[in-house]
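Q: The number in my numbering is simply the position in the sequence shown, starting from 1, with 3 added.
Bear in mind the hints are in silico, worked out from the structure with no lab data behind them. Ideal Cβ positions, reconstructed from N, Cα and C, are used throughout, including at glycine. Wrong hints could be hidden among the right ones.
Pair ranges (Cβ atoms, derived) [to be verified]:
1. V44 <-> G99: 52 to 60 Å
2. I51 <-> G99: 49 to 57 Å
3. G175 <-> T130: 48 to 56 Å
4. S145 <-> S114: 20 to 28 Å
5. S155 <-> G135: 43 to 51 Å
6. P152 <-> T132: 14 to 22 Å
7. P86 <-> P152: 36 to 44 Å
8. A113 <-> R184: 52 to 60 Å
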Amino acid sequence: MSFTGGEATTNRIDHPIPAHRVGRRIGTASRRDRTRLTVTVVGLLALIAAILGATPATAVPAPRPPAPIRPLPVPPPGDPLTPLTGKTYASVAVVGGAIPGGGPMTISFASDHRVGLGAGCNRHLGTVTVAGDQLRVRAPISTMMACPPPRSGADSWLTTFTSVPLTWRAVGPVLTLSSPRQTVVLVERPARPR
């Protein structure tokens, strides 16, 4: 190899090595080469994106709408408590907490808008009014037995639960009573023989 006029050549003069490549380390690229490479990569990415965007995507079926919700049974005209009158219900589940001592909560409806309640300790009596889906227990009075813990908190739980209007739903033998914080699911108890 010989050097003449700033160009490195092999023994042949007809194949000169360009001057801008003389003295560079192998594996390094010039700014122009890096720019070309960047433009090429960006162009390829744009082409791939265009191809992927132009092809129809795999069709995903639209989600099925939920089944229509059947309306709850409407109480018969007249007294809205008619479907509940003469029945006693006992709780089978409480959503949003628990009855102290385990309950169960019981509720009995009499024909004169009176209601009997219990949650595992004392018995409470009061009146009930219904407006639409809102049930309101008023002026409850109760027995005054002292119950040992953990049932000792059952009375205050029941008083707190019934201190606000309750949303009620009755479907077949199931009655649900809901306050803003809890929902009690009750099932009708069979009538006691007299």
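Q: Indicate, hint by hint, whether the structure satisfies it.
A: Consistency of the hints with the structure:
1. V44 <-> G99: 52 to 60 Å: With Cβ atoms ~58 Å apart, the hint holds.
2. I51 <-> G99: 49 to 57 Å: For I51 and G99 the Cβ distance comes to about 53 Å; the hint holds.
3. G175 <-> T130: 48 to 56 Å: Violated, since G175 and T130 (Cβ atoms, about 26 Å apart) do not stay within the stated range.
4. S145 <-> S114: 20 to 28 Å: holds, 21 Å
5. S155 <-> G135: 43 to 51 Å: violated, 35 Å
6. P152 <-> T132: 14 to 22 Å: The hinted range 14 to 22 Å is violated for P152 and T132, with Cβ atoms some 34 Å apart.
7. P86 <-> P152: 36 to 44 Å: The hint (36 to 44 Å, Cβ to Cβ) holds, given that P86 and P152 are roughly 37 Å apart.
8. A113 <-> R184: 52 to 60 Å: violated, 28 Å
Consistency note: the structure conflicts with the earlier hints numbered 3, 5, 6, 8.
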